[in-house]
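Undergrad: Sequence:
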Amino acid sequence: MIINNHFIGMDIVDKLNRKLLKQDFIPRGKAAYQEELEMYKGIARGYAVMENAVAVLSDMRSDFSYIYYGGFARTLGLAGSVSAEQVDSIWEENILRLIHPDDLHEKYLQELRFLHWISRLPEKNRKDYYLSSRLRMRDDSGNYQPALHRMFYVPAPWDRGLWLALCLYNPLLTEFPEGCVVVHAVTGQVRRLEKCHAGSILTEREKQVLRLIDQGMMSKTIAEQLSISVNTVSRHRQEILKKLRVSNSIEACRVARELDLF
1 MIINNHFIGM DIVDKLNRKL LKQDFIPRGK AAYQEELEMY KGIARGYAVM
51 ENAVAVLSDM RSDFSYIYYG GFARTLGLAG SVSAEQVDSI WEENILRLIH
101 PDDLHEKYLQ ELRFLHWISR LPEKNRKDYY LSSRLRMRDD SGNYQPALHR
151 MFYVPAPWDR GLWLALCLYN PLLTEFPEGC VVVHAVTGQV RRLEKCHAGS
201 ILTEREKQVL RLIDQGMMSK TIAEQLSISV NTVSRHRQEI LKKLRVSNSI
251 EACRVARELD LF
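Numbering (UniProt numbering), first residue to last: 1 to 262.
Hints may contain errors.
Just the calculated beta-carbon pair ranges, DEER-fashion [said to hold, decoys possible]:
1) I250 to R205: 16 to 26 Å
2) Q34 to S227: 50 to 60 Å
3) S229 to P157: 39 to 49 Å
4) V87 to V49: 13 to 23 Å
5) I43 to R257: 31 to 41 Å
6) R235 to L173: 49 to 59 Å
7) V190 to D88: 30 to 40 Å
8) L172 to T221: 45 to 55 Å
9) D63 to S229: 31 to 41 Å
10) E35 to D88: 16 to 26 Å
11) M218 to P157: 41 to 51 Å
12) S249 to A31: 38 to 48 Å
13) H100 to Q34: 32 to 42 Å
14) D214 to D88: 30 to 40 Å
The set of hints was computed from the structure by calculation and includes no laboratory data. This structure is a prediction, so every number in the text was calculated from the model and none was measured. In this text, a Cβ means the ideal position worked out from N, Cα and C, and glycines have one as well.
Work out the full structure: start from the sequences and follow the hints.
TA: Here is the structure:
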């Protein structure tokens, strides 16, 4: 198992990329698509202006991000006044590099859990929740300062996918629990994404199969062990790869450990 935080983080980023960027978006007229996008770009810009936040709007449909630098950017040694930048990626690398490595790893992991959790909600309810976390971010003097990170997913209005992600970075002004919480934006109710939520990603049978794969067993041996057919084992294997958004069994076992599925 890879124990270096950088490589673990990159592995989780790969899983998020496969989940977010490979959604089956329904073709949408350019004018209607652009109109919706401009509305959300205006919202992101508004957070930067009114809250002095660093706001990042990521478009999973085009793998593109729009970054708006509010006053907090000066604390981080970034842009000096409210300004904008466009990057050819859904990852705001110049901002992510300022996050403490331990917090960045946890951020990636919780975002993967949140993504699986929110994807199972009825479509009409997805916009009501956001992920909130306490981070340590390096300021322009090289010291780590407490910061608040919030992430909202925006469902695509024309299909079932998650189209946009809005990430906000602000100074942490009040006490906030360690780690991440999911907030219901309408009621203010707070919940944690504990291991039980991650555990529901795979069925019990899929976990059984994956544990045996992790032990080095081949499909024929797994079939004999579980008294099922080899074809059934193959179907479970494919479903596991699909749900964990990985390309092979080695990656599946590694991600399962990260999500505490074993």
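Undergrad: Using the beta carbons of Q34 and S227, state whether their distance is inside 50 to 60 Å or not.
TA: Holds - the Cβ-Cβ distance for Q34 and S227, about 55 Å, lies within 50 to 60 Å.
Undergrad: Taking 16 to 26 Å as the stated bounds, is the beta-carbon spacing between E35 and D88 within them?
TA: holds (22 Å)
Undergrad: Given the range 39 to 49 Å, decide if the beta-carbon distance of S229 to P157 lies inside it.
TA: holds (43 Å)
Undergrad: Measuring from beta carbon to beta carbon, are V190 and D88 in 30 to 40 Å?
TA: Given a distance of about 35 Å, which is inside 30 to 40 Å, the answer is holds.
Undergrad: Tell me if the beta carbons of I250 and R205 are separated by a distance inside 16 to 26 Å.
TA: holds (21 Å)
Undergrad: Is the hinted range of 41 to 51 Å satisfied by the C-beta distance from M218 to P157?
TA: At roughly 46 Å between Cβ atoms, P157 and M218 fall inside 41 to 51 Å, so the hint holds.
Undergrad: Given a hinted range of 32 to 42 Å, is it respected by the beta-carbon distance of H100 and Q34?
TA: At 37 Å between Cβs, range holds.
Undergrad: Is the gap between the beta carbons of D63 and S229 within 31 to 41 Å?
TA: At roughly 40 Å between Cβ atoms, S229 and D63 fall inside 31 to 41 Å, so the hint holds.
Undergrad: Using the beta carbons of D214 and D88, state whether their distance is inside 30 to 40 Å or not.
TA: Distance hint for D214, D88 holds at roughly 37 Å.
Undergrad: 31 to 41 Å was suggested as the range; check whether the CB atoms of I43 and R257 agree with it.
TA: holds (37 Å)
Undergrad: When you take the CB atoms of R235 and L173, is the distance between them in 49 to 59 Å?
TA: Once the Cβ atoms are compared, 51 Å apart, the range 49 to 59 Å for L173 and R235 holds.
Undergrad: Given the range 45 to 55 Å, decide if the beta-carbon distance of L172 to T221 lies inside it.
TA: Given about 51 Å between the Cβ atoms, the range holds.
This entry satisfies every hint, going by the numbered hints stated previously.
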